[in-house]
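Just so you know, the protein sequences line up as chains A and B, in that order.
Taking my numbering, I'd label the letters of the first sequence as residues 4 to 508.
Taking my numbering, I'd label the letters of the second sequence as residues 4 to 508.
Bear in mind the hints are in silico, worked out from the structure with no lab data behind them.
Hints are supplied without guarantee of correctness; some may be wrong.
Stated by the list, open to error - Calculated Cβ distances over 10 Å to all of chain A for the following chain B residues:
hint: 1; residue: 84
hint: 2; residue: 129
hint: 3; residue: 290
hint: 4; residue: 292
hint: 5; residue: 330
hint: 6; residue: 405
hint: 7; residue: 478
Unchecked claim - Result set (DSSO-like, lysine-lysine): computed pairs, CA atoms no more than 30 Å apart in a straight line:
hint: 8; chain 1: B; residue 1: 336; chain 2: B; residue 2: 274
hint: 9; chain 1: B; residue 1: 316; chain 2: B; residue 2: 274
hint: 10; chain 1: A; residue 1: 356; chain 2: B; residue 2: 373
hint: 11; chain 1: B; residue 1: 355; chain 2: A; residue 2: 316
hint: 12; chain 1: B; residue 1: 372; chain 2: A; residue 2: 356
hint: 13; chain 1: B; residue 1: 401; chain 2: B; residue 2: 372
The beta carbon of each residue, even a glycine, is placed where N, CA and C say it ideally should be.
Protein chains: 2
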Amino acid sequence: MLNRVRSAVAHLVSSGGAPPPRPKSPDQPNATSAVPAAPSEAPKSPPAKAGGGSVAPAKTAEARASFSRPTFLQLSPGGLRRADDHAGRAVQSPPDTGRRLPWSTGYAEVINAGKSRHNEDQACCEVVYVEGRRSVTGAPKEPSPGQGLRFYYWGLFDGHAGGGAAEMASRLLHRHIREQLKDLVEILQDPSPPPLCLPSTPGTPGSSDPSHLVAPQSCWSSQKEVTHESLVVGAIENAFQLMDEQMARERRGHQVEGGCCALVVVYLLGKVYVANAGDSRAIIVRNGEIIPMSQEFTPETERQRLQLLGFLKPELLGGEFTHLEFPRRVQPKELGQRMLYRDQNMTGWAYKKIELEDLRFPLVCGEGKKARVMATIGVTRGLGDHNLKVCSSSLPIKPFLSCFPEVRVYDLTQYEHCPDDVLVLGTDGLWDVTSDCEVAATVDRVLSTYEPNDPSRYTALAQALVLGARGTPRDRGWRLPNNKLGSGDDISVFIIPLGGPGSYS
Amino acid sequence: MLNRVRSAVAHLVSSGGAPPPRPKSPDQPNATSAVPAAPSEAPKSPPAKAGGGSVAPAKTAEARASFSRPTFLQLSPGGLRRADDHAGRAVQSPPDTGRRLPWSTGYAEVINAGKSRHNEDQACCEVVYVEGRRSVTGAPKEPSPGQGLRFYYWGLFDGHAGGGAAEMASRLLHRHIREQLKDLVEILQDPSPPPLCLPSTPGTPGSSDPSHLVAPQSCWSSQKEVTHESLVVGAIENAFQLMDEQMARERRGHQVEGGCCALVVVYLLGKVYVANAGDSRAIIVRNGEIIPMSQEFTPETERQRLQLLGFLKPELLGGEFTHLEFPRRVQPKELGQRMLYRDQNMTGWAYKKIELEDLRFPLVCGEGKKARVMATIGVTRGLGDHNLKVCSSSLPIKPFLSCFPEVRVYDLTQYEHCPDDVLVLGTDGLWDVTSDCEVAATVDRVLSTYEPNDPSRYTALAQALVLGARGTPRDRGWRLPNNKLGSGDDISVFIIPLGGPGSYS
């Protein structure tokens, strides 16, 4: 997320030192009542280094020790050092030997060109088993593995202002999703429509009687039908919120610094759920056709939401900002002149007479990768950022950021997929320099050079995409074949085959 | 807007009598500083009669006298009576003799089957000349007709809870648009990008010096480029707001009762602007292909905006409503049980434990045509409704309703249109019983029976669409050929030819 949180990082790192030591929480994979707290090894981000240059900053042994990469990369200490090297920017993938990722998923990543000390992207790929918490009918129920649910899970987390939030989300978000799904294990496997109302206390006498389920008749003339699919969407949405709340609770003492975008895929019962909060992107490439599976959430795409919040809650602007947008900064000498503006209701522009309060800094300003909320942050959704303040101010930015993802659903059973049909997930390091069409062309080019049943083809594709976005060192920078600058940002890519050798039956 | 404002109407009409007489404002077609106020003949809506039946309510001579239809229909007193007859429901169009509508536009309408005393739809079709108010460079300027702008204008206004708002909007909204465009006459005709800042006082000494225009350089590193198109969009958006504010000012003494959806088309300098606030709809049918030019704004499509407002401003809910949505009404005996819900951030559903405040009535409830805000109104954007209160309560609904349209732009110059390519505008009376595809099929069927250069073909098409949605009286109701109920609502349709005999050069 190059250039996006420069000033925020500068502010944050100037306000605190290294995190105090804290007892490590035990990992609790089977905990049912709560998701484990963050361990102490969350790294502290050093001052950011802006720009896409090739010079690697000096690293201390201490910093290196707190650096972590996804466990599925199975990095040796030497491998970890190479993955952390800004000068070489070696592309990392899971080893060809050893256990493959589920579904023969391909993965590749590369560290940034020096904008932050470590790679602030994190990734997770898991098969998660969900044990039902209770019977729908309220009957007490013994854990019964055969009746649980399994979901496949992929997550990309693009950190900013430190790596802590991304690291925590990569360890815990899927467990929050599992927690949310526990109530739904029976309901999702029952073909009848979900019950609108459930009894309050499982296991109370008589509650196994299905008549305890409230009948559909009611004081309304009608009732909405709720689909199984929308329950999974709701579970993922609430999991994001609970993950964010956990970060808020544990942020004190800088246990969780910074924030992160989150792009998550859940495969459950024949459907692919793509949840996105931030500026990562997912597309499906199917028979050469591109199907967008996410949208980016930035100050530009969310301008009206941000302006509406500033308008309805002016106290959040602290007298320092105006909720109006102007095409450039208004200058004091322009008082009384008329300038173009947009408010929360407008998509077009109109002229207004400049008044004193229009001289305040605009809540939303800038364009493209330089667009900012409160002159500080360039993404508007994600997890964390609870400590984030406006530069040189105590004004919190978090109220304007949303932790809620947009969730899109793709039904895998509605189409006969071939081995070349893939879901591509990438952080903005990929998409800043690569169009959807270029990705589709690379998918075609790389996969056609491998046998359809060669499981290594998806990793090769992920590597090709990361290499293509990174470029090669030349003329004092990382450059693409067309001599434009490659991405100096962290780049991470998942390739999920939709009909390939990975079996998802 | 059948069934949508039943209770609202019942409440409103029970709260007041006939409007007090008020001096008629002179029409001011050339006024430059303000849009004329509403005249006194705004009709007062009688109690609504629900359902799509065929029985016409009794009418008094008084009520008939205050009834108005678009002037371009050129209705005689006898014609006006026939247009106002719920039993016959004769389809009305401009006469074949006499002056045609601009662009050979086709139009047809029919009154409802008895749900309100008069037809609460209104329509307007005008060519509007905009005289520049000032020079961009600030130089004093004599009115110079040659340098003005001409725009073509079509408007459909679907009234509810009375006909006053729709009638007022049909007379005045295009004048508000003209006022907004006056500042832009020179700018829109200058191919260079619009100036971001204008001098404050036209005609002051020295202000003809172009150096008074603020140069693009500034304290920001960049500035947004604003297009001519977005200025027109902004002008239309602000015109809607000013129209709504005028209704608010003049609502006292019941000068303007009720509210209305507004669907407006502006053709200016090669582009078609379609602005929609409410549940009317516009589609282009081009070479058989359907291009949607609007979306509907209803409690369902705007659920999250409404819930967010209720969440951020709970005082607007008056302790009577909850911003949460439930799939059906929660019953007191269900306290402590868990029910499905959605909040302002969710698109999916999840279970929550029912608490006391969840027993309040939901801000948004119901489905499809029965969806309601605060149990009262079924559309969420439009003009007027400043007197609208929640049934049996003093809680105002207006803060939840938005007067801002969504504006879509279609560039007429980007495609060679044939005489069968049309823009279809219809109130919900058409779309409730007719799909986009059925409309496209009717376009093909009707236009192919006329010579391409026969200007009456578009009126014939509008009539066919209205007749097809109305049906014929049979089995105690208006029925379609498939024996389903036709629309008992007011139905109004414009057909705007995009490449037909109407010249728009």
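(message) For a quick check of understanding: which of the numbered hints are violated here, in increasing order?
(response) 5, 6, 8, 9, 10, 12
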